[in-house]
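Go by the hints and put chain B onto chain A.
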Amino acid sequence: MLQSWVTTVDHKRIGLLYILYALLFLVIAGVEAVIIRIQLMYPHNDFVSPQVFNQMFTMHGTTMIFFVAMPILFGFGNYLVPLMIGARDMAFPRLNAFSFWLSAVSGFVLYFSFLGGPGLYGAGAAPDVGWWAYAPLTARAFSPGSSSDYWTIAVLVSGFGSVATAVNLIATILGMRCPGMTLGRMPLLAWLYLTMSGMVLIAITPLSAAQLMLLVDRYLGGHFFDTQAGGSATLWMHFFWIFGHPEVYILIIPCFAFMSEIIPVFSRKPIFGYPVMVAATVCIAFVSMSVWAHHMFTIGMSSYANTFFVITTMAVGVPTGIKIFNWLGTMWGGRIQFKTPMLFAIAFLFQFLIAGLTGIMLAAAPFDWQLGLSYFVVAHFHYVIVGGILFAIFAAFYYWYPKVTGRMLSERLGKLHFWLFVIGFHLTFDLMHVPGILGMPRRIYTYEPGRGWDTLNLIVSIGAFIQGVAILVFVVNLIVSYWKGARAGKDPWDGWTLEWSVSSPPPAYNFASVPTVASRRPLWDEKHPEDPDSRYE
Amino acid sequence: MTTPDLTSIFAPASTPARSIVDLSFFVLTITGVIFVVVAALLVYAVVKFRGRVADAGSEPPQVYGSTQIELAWTVIPILIVIVLVAATARVVHAIQDAPQPATALEITVIGHQFWWEYQYPQLGIVTANELHIPVSDPARPRPTFLTLLSADTDHSFWIPQLSGKTDLIPNRMNRMWIDPQRTGVFLGQCAQYCGTQHAKMLLRVSVDNPKDFDAWVMSQQQAAPEDSDVVDGRRVFETAACINCHTVRGTVANGRYGPDLTHLMSRGTIASGAAENTAENLRAWLQDPDAIKPGALMPAMKLSDPELDALVRYMQSLR
Chain A
1 MLQSWVTTVD
11 HKRIGLLYIL
21 YALLFLVIAG
31 VEAVIIRIQL
41 MYPHNDFVSP
51 QVFNQMFTMH
61 GTTMIFFVAM
71 PILFGFGNYL
81 VPLMIGARDM
91 AFPRLNAFSF
101 WLSAVSGFVL
111 YFSFLGGPGL
121 YGAGAAPDVG
131 WWAYAPLTAR
141 AFSPGSSSDY
151 WTIAVLVSGF
161 GSVATAVNLI
171 ATILGMRCPG
181 MTLGRMPLLA
191 WLYLTMSGMV
201 LIAITPLSAA
211 QLMLLVDRYL
221 GGHFFDTQAG
231 GSATLWMHFF
241 WIFGHPEVYI
251 LIIPCFAFMS
261 EIIPVFSRKP
271 IFGYPVMVAA
281 TVCIAFVSMS
291 VWAHHMFTIG
301 MSSYANTFFV
311 ITTMAVGVPT
321 GIKIFNWLGT
331 MWGGRIQFKT
341 PMLFAIAFLF
351 QFLIAGLTGI
361 MLAAAPFDWQ
371 LGLSYFVVAH
381 FHYVIVGGIL
391 FAIFAAFYYW
401 YPKVTGRMLS
411 ERLGKLHFWL
421 FVIGFHLTFD
431 LMHVPGILGM
441 PRRIYTYEPG
451 RGWDTLNLIV
461 SIGAFIQGVA
471 ILVFVVNLIV
481 SYWKGARAGK
491 DPWDGWTLEW
501 SVSSPPPAYN
511 FASVPTVASR
521 RPLWDEKHPE
531 DPDSRYE
Chain B
1 MTTPDLTSIF
11 APASTPARSI
21 VDLSFFVLTI
31 TGVIFVVVAA
41 LLVYAVVKFR
51 GRVADAGSEP
61 PQVYGSTQIE
71 LAWTVIPILI
81 VIVLVAATAR
91 VVHAIQDAPQ
101 PATALEITVI
111 GHQFWWEYQY
121 PQLGIVTANE
131 LHIPVSDPAR
141 PRPTFLTLLS
151 ADTDHSFWIP
161 QLSGKTDLIP
171 NRMNRMWIDP
181 QRTGVFLGQC
191 AQYCGTQHAK
201 MLLRVSVDNP
211 KDFDAWVMSQ
221 QQAAPEDSDV
231 VDGRRVFETA
241 ACINCHTVRG
251 TVANGRYGPD
261 LTHLMSRGTI
271 ASGAAENTAE
281 NLRAWLQDPD
291 AIKPGALMPA
301 MKLSDPELDA
311 LVRYMQSLR
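Chain order of the listed sequences is A and B.
In terms of the working numbering, the first sequence is residues 1 to 537.
In terms of the working numbering, the second sequence is residues 1 to 319.
One chain only, chain A, in its complex shape (with noise of 0.2 Å):
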C-alpha cells in the first residue's frame, strides 16, 4: 500500500500527494503566523526573542509559498488537467513522480535548519534573513553559519521540481488532448494551467540563477552580492523580483481557473467571453513579466525608470479588471447556487477586488514610497494571497473533493468553515491596512506603545486566531467526510466538463474508451442533445 504510493506515477495519485503535503506545510506555516501574531498582540511582548521572531517570518513566508501554495496548485493541476482534456495521464509520469519528489526533499530540507548551524549573531537556526533574502544580509559577514543555505537549497532544489512540472503541464495540454479537443474548446482552467507554466520556466529560471550565485558568494569567494568587496544588492533585488512578481501570477492564474469552471457551473451559465479571458490571461502572463521594480520604488531608481514600472504595473490591472466583469458577466442572468463552493467564489470575487484596487494605490510609486515596507504592503499581499488565493484554493478543495473521494464533504461544516474564515479574515486583514498607515514598518518584532498600533494589532490577531478555528474546522471536515459524507456518484453538481463524466474517484487511467469533444462543455450537449454549445462556438 505505502509502496504503492511511493513508487506512483499516476497523475491522480501524484496530484494527491501534492495537495496532502501542501496541507501540512499549511499547518505548519500557519502556526508560525500565530506565533507571530500573539508576540504582535501587545506593544513590548515578550513572548519569543528577536531572533525568533525573524525566523518566523521567514520560514512563514518561504514556507507558504514555495512548499503550499506552489505544491497546492501544481497538485490540482496534476490531478484535473488530464481528466478535464479526456487524457488518461500526463505527457511524461515519470517525470511527474521526479517533480514530486524533488519538491518534497526541499521542504524537509529547509525545516531541516532548525536542526542545523546558526543563523543571524550565531543566534538560533533557521533561516532568518526575511523570504526574500535580501543581499547582502546572506553574506558570510551578517549570515555565518549554514542557516540560509538550507533556505538557498530549499528553494533551488523546489524550483528544478517546478519547471519539470511546468515543462509537463505544457507538453500534457499541448499533446494529450481527446479529439476533438481544439485549443479553443479546452476548458478555461488547461488555458490557464498552460499559461501559468509557461510562466513558471520564464520566472524560477532567473531565481535559480541566483541561488546559484549566493551559494558562489558564499562558499567560492564569489562577489555578486557581496557588498563589502564590491558587489551589488540591488542585483539580487532584480534577480528576486523578477521571479517574485511574476510568481504572484503563476500562484493566482491556477486560481482564476478554478473560478473560471466553479462560477458558470453554480451559476448555470457558460463563461461569458471566452476568447477574451483567454486573451486577459495571456496579456497578464506578458505584462506581469515587465513588472518586478514596483517592488523596489523605494531604492532609489531614477523618476524615468520609476514611471516606467507605474505604467506597465498599472497596465496589468487592466485584463485583470477584464477578468473581474466577465466573471460578474456570468453569474449576470443566471440562477446561482449558494454551495460551499461558489460561496467561497463569491468571496474571491469581493476580496481580490480590493485587493486590486489596493495594489494600484501601491502602483503609484509615490503612495508607495510611504505605504511599501509597511503593514500596508503586508495587508495587500495577504489580501491576495490568503483573500484570492486560499478562497480559490478552498472553493476547488469543495467543488472537486467529491469527483476524488467519491464522497461529498459535509456542507454544515462547510458553511461553518466559511463563515468563520469570511469574519477571521476580514478582521485579521482590513485591520491590518491601517497601522502602516499609521506609520508601522513591517518585519518588526515589537513596538513602541503610544502610536495608535496598539488595539488595531491586538484585533488582528484575534482574526488570525479565527481564522486558524476554521482551518480547524475545515481539517476536520476533509477528515469526517472521507468516511461519513454522503456518496457523490459521478456528477454530483451537474457539471459540464469530462472528469464529472467518469466514475468518483476516476478510475485508472481515467476513461475506459477516450472521448470525443465537440464544444467547450461537452456534458452540456449530452445533456441537451437539442441545444448543444456546438451550434454557438
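In short, the hints are calculated from the structure, not lab data.
Where a beta carbon is used, it is the ideal one built from N, C-alpha and C, also for glycine.
Just so you know, not all the hints are guaranteed correct.
Under 7 Å between C-beta atoms, here's a sample of chain A residues computed to sit facing chain B [said to hold, decoys possible]:
id, residue
1, Pro-50
2, Thr-227
3, Val-318
4, Arg-335
5, Gln-370
6, Arg-451
Coordinates of chain B only, in the frame set by chain A:
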C-alpha cells in the same frame, strides 16, 4: 523637549509628504469609485440572480458573451489607467527631479546595524540617531537634502510625516529631501529589514526654529567639555575598549564603529531610541546592552559596579 507627533502618513508636515497626500487622495477617490461600482454590481448579481425553488430543473438562457460590453469594460479601464499614470508621473518628477537650492542644508545619513549616523559636512558636525534640522520658511526656503549611505546591510529612512521612505544600500548613494513647514519632533524608524534589531532602529527628527537650530549647531561644534569631577569615569572609558568604537571629540576616543558620544546628553534617547536617556537606563545599557536591545552589536564590557557608576557620571558630563 516637545512631545513627539503621531506617525500617520496623512498628517504631513513637509513638502514631499504633503504632495504624496494630495496624490493619495486622488488615487483613493478613483479606486473608491471603482470599488463602489463593482461591489454594487456583485451584490446586485448575487441578490437578483440567486437560484429560486421555482426554477429548479430548468436552466437560464445560455449567453456566451457580448463584444460591445466586453469592449466597454476594456476601454474604460484603459482610460482610467492613463489618468492615474499621468497624475503619478507628475508627482514622481516633482519630488525626484527637484533642483537643490544653494541655501539647502546638506546632511549625510549613514545606516548602521542598528543605529543612524548623521554628518553635516557644511557645519562640521557628526551626531547620531536624533536629527536636528531647521524649519523652512516658505518665503525663504531652506530645505534639507539628505545623502543616504549604508555601512553594512540595507536600511530605509522613513519619517512618515516628512517624506516617503528611501533605502540606504551599501555601495550606492541615494538622495532625498525634506522641506518641513512646522517645528516639532517627528518619529519614524528603519523600514527595510536589516537584521536582528531592525525593530529598534528608531528615528527622531527635531525640526527647530532657526534660532534653536543655530544654538544647537553652536553647541554640537564644541569639543567635549573637560570636567575634573569625572576623571575616573573617563579613565574607564579610555581603557575599556570603548574608544575602539566611539568618538568623543577632544579626547583620544576616535572610534567610528559606534555612535559619536561627544554630546550624548543633548539626546533624549539612547540605543537608537530603544530607551530614554536617563542615568538608570545608561547604567543598564553599559552593563548589558542585550538586556535593552538583544542582538545589538555593542558588547557587555563586564565592568564592576564602581566602574559602572563612574562611567555613567562621565557619560552624563558629555553635554
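Which numbered hints fail
The structure breaks none of the hints.
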